[in-house]
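Make a model of the complete structure from these sequences and hints.
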Amino acid sequence: MAGIAGAIRGGWRGAIAATAVLALAAAASAAAADVASVVQARQAHFKEIGKAAKAMSEQLKSPMPAVPVIQAAVKQIDALAPQLPSWFPAGSGPLSGVKTGAKVEIWNKSDEFKHDAAAFADAAHKLDVIAAGGDLAAIRAQAQAMGQTCKSCHETFRQRDD
Amino acid sequence: MTDEDAARRRSRNLVVRVWDAPTRWVHVLIIVLIGLAWWTESHDQMDWHIRIGCALLGVVLFRLAWGVFGGATARFASFVRGPKTVVRYAGNLLRGGGSDDAGIGHNPMGGWSVMALLGVMVVEIGVGLFCVDVDGLESGPLADRVSFQAGRTAAHWHTVLFDILLALIALHLCAIAFYAIVRRDNLIGPTVTGRKRLTVTAGEGAVEPVGLARSGSAIRLITSAAVAAGIAVWAAYGFKL
Numbered sequence: 001m002a003g004i005a006g007a008i009r010g011g012w013r014g015a016i017a018a019t020a021v022l023a024l025a026a027a028a029s030a031a032a033a034d035v036a037s038v039v040q041a042r043q044a045h046f047k048e049i050g051k052a053a054k055a056m057s058e059q060l061k062s063p064m065p066a067v068p069v070i071q072a073a074v075k076q077i078d079a080l081a082p083q084l085p086s087w088f089p090a091g092s093g094p095l096s097g098v099k100t101g102a103k104v105e106i107w108n109k110s111d112e113f114k115h116d117a118a119a120f121a122d123a124a125h126k127l128d129v130i131a132a133g134g135d136l137a138a139i140r141a142q143a144q145a146m147g148q149t150c151k152s153c154h155e156t157f158r159q160r161d162d
Numbered sequence: 001m002t003d004e005d006a007a008r009r010r011s012r013n014l015v016v017r018v019w020d021a022p023t024r025w026v027h028v029l030i031i032v033l034i035g036l037a038w039w040t041e042s043h044d045q046m047d048w049h050i051r052i053g054c055a056l057l058g059v060v061l062f063r064l065a066w067g068v069f070g071g072a073t074a075r076f077a078s079f080v081r082g083p084k085t086v087v088r089y090a091g092n093l094l095r096g097g098g099s100d101d102a103g104i105g106h107n108p109m110g111g112w113s114v115m116a117l118l119g120v121m122v123v124e125i126g127v128g129l130f131c132v133d134v135d136g137l138e139s140g141p142l143a144d145r146v147s148f149q150a151g152r153t154a155a156h157w158h159t160v161l162f163d164i165l166l167a168l169i170a171l172h173l174c175a176i177a178f179y180a181i182v183r184r185d186n187l188i189g190p191t192v193t194g195r196k197r198l199t200v201t202a203g204e205g206a207v208e209p210v211g212l213a214r215s216g217s218a219i220r221l222i223t224s225a226a227v228a229a230g231i232a233v234w235a236a237y238g239f240k241l
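Chains A and B are the protein sequences, given in the same order.
Here this note's numbering is used: the first residue of the first sequence is 1, the next is one more, and so on.
Here this note's numbering is used: the first residue of the second sequence is 1, the next is one more, and so on.
Just so you know, the hints here were simulated from the structure itself, not pulled from any lab data.
Any given hint might turn out to be false.
As the list claims (entries may be wrong) - Label pairs and their calculated CB-CB ranges:
1. Q159/A <-> F178/B: 45 to 53 angstroms
2. F69/B <-> A138/A: 47 to 55 angstroms
3. S86/A <-> L173/B: 20 to 28 angstroms
4. A177/B <-> Q83/A: 51 to 59 angstroms
5. V233/B <-> L95/A: 34 to 42 angstroms
6. P82/A <-> I188/B: 53 to 61 angstroms
7. A177/B <-> T156/A: 36 to 44 angstroms
8. T156/A <-> D163/B: 51 to 59 angstroms
9. M46/B <-> Q159/A: 15 to 23 angstroms
Claimed, not checked - Far from chain A, by Cβ distances over 10 angstroms, these chain B residues were calculated:
10. R81
11. V120
12. V134
13. R152
14. A225
15. A226
Keep in mind that this is a model prediction, so the values were computed, not measured.
All C-beta atoms in this analysis are idealised placements derived from N, C-alpha and C, irrespective of residue type, glycine included.
Structure, rendered in structure tokens:
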């Protein structure tokens, strides 16, 4: 519509410019919608990890831990952990205007971020291997080590929301 | 000799017991435990934070019991007043006039401050029992009864309620400063010693301190403390049998 109106008023040059502006606006709103869905998916992934970690740590605190529950939870964390950096595509940070706890440092210090994410994935995998052995003392120690990788990464890269 | 001098000569100082020992101990413990809960949380000592929270639960529960079975000034019935009394007291205070009562125990406004502080603490600690941290690794003793998401919501409210508690504490301190500076009334001394010096003008006859701060009985003290401590420890173990 604007393109046609532009053509009537300002000739073809105006029409092209008006169409380009419209196209850009459409692209920007499509991008915003994309970012929102990226953030939503990211949060859902982290909640899956949190849920599994909660299930695991409850068993570890219990007087009679159910090892199969721990093993299942740890396997889930190990499967998700290596994907973590892929949940943070460029442009999905706080500058997008979408509400997110992800700090700009994730992209500004991306080497450090990838290093921290890899430390988490390594710790999660190690925990998966140890959990398969069923030795509760060893599982507890490695669960604590993995927890430290969560905390140290969150310290730098996550905005506290609670 | 002026009239004022004569009046002073007729007046006598009366030292009265205002707060019984359990009420004063509760006050000290609440200050210390809130400080420790705050410190441990901000220094990532969550195991201790949870233990301290449960200890504080015990102290607050004891205070609630003491509000029923305790000494005269500790009892809710003695200091929870209706809105008319509160408004009248506030009006007097603003006009700089004397208070209605003899200045022993909580005044009508302070009484509601105490109820608000105790109420927020009960809810704060109750919510705290269900909290889960962002990593799903640290959690309150009742968090295994709820989902990760619900535990995160609890953690959100735990933070909001703590801010509300801090605001109430700030108000509490401002009131103490107001009484100290404007009214020349030291409220902190009696909180520590339990005793307050009242200047009574002979013939005024308004003050009758006898029995005002009568203590609760020892058996009620021991029973209240034991029940409160029992519930606190049980809570720390997630109310499991």
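For each hint, the structure was consulted:
no. : hint                                  : result
1   : Q159/A <-> F178/B: 45 to 53 angstroms : violated, 38 angstroms
2   : F69/B <-> A138/A: 47 to 55 angstroms  : holds, 51 angstroms
3   : S86/A <-> L173/B: 20 to 28 angstroms  : violated, 51 angstroms
4   : A177/B <-> Q83/A: 51 to 59 angstroms  : holds, 56 angstroms
5   : V233/B <-> L95/A: 34 to 42 angstroms  : violated, 50 angstroms
6   : P82/A <-> I188/B: 53 to 61 angstroms  : holds, 59 angstroms
7   : A177/B <-> T156/A: 36 to 44 angstroms : holds, 40 angstroms
8   : T156/A <-> D163/B: 51 to 59 angstroms : violated, 25 angstroms
9   : M46/B <-> Q159/A: 15 to 23 angstroms  : holds, 20 angstroms
10  : R81                                   : holds, 37 angstroms
11  : V120                                  : holds, 18 angstroms
12  : V134                                  : violated, 7 angstroms
13  : R152                                  : violated, 7 angstroms
14  : A225                                  : holds, 28 angstroms
15  : A226                                  : holds, 25 angstroms
Checked against the numbered hints given earlier, the structure breaks hints 1, 3, 5, 8, 12, 13 and satisfies all the rest.
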